[in-house]
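Asker: Protein sequence lines correspond, in order, to chains A and B.
Quick note: the first sequence uses my numbering, first residue 1, plus one each step.
Quick note: the second sequence uses my numbering, first residue 276, plus one each step.
One or more of the hints may lead you astray.
Unchecked claim - Selected chain B positions facing chain A (in silico; Cβ < 8 Å):
1) Tyr289
2) Leu351
3) Pro377
4) Ser472
Said to hold, decoys possible - A short list of chain A residues far from chain B (calculated; beta carbon distances all over 12 Å):
5) Pro106
6) Thr220
7) Gln270
FYI, nobody ran anything at the bench for these hints, they're computed from the structure.
Idealized CB from N, CA, C, for every residue including glycine.
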Amino acid sequence: MMKKFFSASYLVLLLVMLYAPILIIAIYSFTESKVLGNWTGFSTELYSSLFTGGVNNSLIDAIKNTFIIAFVAATVSTLLGTIAAIGINDLKYRKKRVMNFVNNIPILNPDIITGISLFLLFVSLGITQGYTTVILAHIAFCTPYVVLSVMPRLMQMNPNIYEAALDLGATPYQAMRRVIIPEIRPGMISGFILAFTLSIDDFAVTIFTNGTDGLQTLSTYIYADARKGGLTPELRALSTIILVVVLVLLVVVNYRSYRQAKLAEEQQQQLKLKK
Amino acid sequence: MKLFSRRRNLALPYAIFLGIMVVVPMLLIIIYAFMGKGGGFSLENFERFINQPEAANTFIYSIGIALITTIICIVLGYPAAYILSRLNASLAKVVVLLFIIPMWVNVLVRTLATVALFDFMSLPLGEGALIFGMVYNFLPFMVYPIYNVLQKMDHSLIEAAEDLGATPRQVFLRVVFPLSTPGIVSGIMMVFMPTISTFAIAELLTMNNIKLFGTTIQENINNGMWEYGAALSFIMLIIIGITSLFTDSSDENAANEGLL
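So that you can see chain A by itself, here it is in the shape it has in the complex (with noise of 0.2 Å):
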């Protein structure tokens, strides 16, 4: 007894730690006051201004690129990284391997490493860095990701499906098409959504690799912001609100697989008291 209380509040105690920070921010979120800390009475000023465009426009454009990288970045991920994750698993031996490989490479380098390396490509290359390449560096990190979610599900398949597709007078694209994708798509969903979050969340490689012409996201702008001295007070409350995002849609994810995991069960009961 004594053992499940001090070990259950040891979690607690823990996640009080975790989550103070944030919890700071959160509450802070309803006060005006510009520095974080200073409670200035009850308002949601902070939120309007955030969608009214009371904030200065650098802000709002900041999060308009954040949101435009992303979503650019793990579309591509997402379509090159699962037509490759198809190649690779039908590649043999040693191309595999090297595949595999340099695959990893950009999921192990610390992102400062990545970040550089793309730095020093674009700058021997003469490119002008800018949009263009922030969003081909994001896609260069997150692609690799997509393709380990994707792989596992084609290792799962049964490969003669591929097969009698074709002898069953499939083309090659429509065997594609009709056969693999619908197999893997569960891997490209969770492929998609971790390349998006990836590139939302990215500081490192976009700071070495947004150019000179002040081209900022969500994460660069925090960090000029905070090198002059404090955070936009309205960063707290988009803070909060993409915090309440990922915890609701986190609630309806883990219901969905709930409720599907319960079911699959049922189904399995019926079928057992059938029999």
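Given chain A, put chain B in place with the hints provided.
Answerer: Positioned in the frame of chain A, the structure of chain B alone reads:
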């Protein structure tokens, strides 16, 4: 057979992409690292690193901070992972999620929130804040892989040990802990490596008073000293290579699972 070769060819675009965007950039780091001021091969960047106490000191200091962070994460994270693995499955799933959710808040916002927390409790910013911030940022990366390994552990092994008369202490030290080392190893990889390479976080947590190796690299690149910056990156790559030598390929799966 013709069709077969076509499916295989689908790997080609990505192979080219990886070549340009991953292999060539990594080679560029090495080329720049060994390039002298006038171009051409030279070791001057590395000589400069050794002769310039500032960069070398920052390097050693960063390794120290990364080690302390990693140790604290193990000490705090292992018990948490152990307790989690003992909870019933659905509750454990929820608590694990609770550990991961803060990761969705932007790292820099989280770090600034830590600064606010220290201000709030009127604690000074500095080394203490730096280590707290690092542990705060990376603890979930330690808990998750250890939890994963502990949770998949074959319970009959523990029962066998108990049946053979081991005390709970012995069961833990002789059975559970040794079996969970792959989790600890991938946790170390996922905490030590990012800690040693962070920049920005340290600046914000110490009001620019303490510099970590990542910051030094960034400053050099920003100031146009690409060769020296590349050499410092190369040194970091070697450290990472050495760290990953301690972890054999069998742990790769654990690391990947932890990441995803």
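Asker: Hint by hint, where does the structure go against what was stated? Just the numbers, ascending.
Answerer: 5, 6
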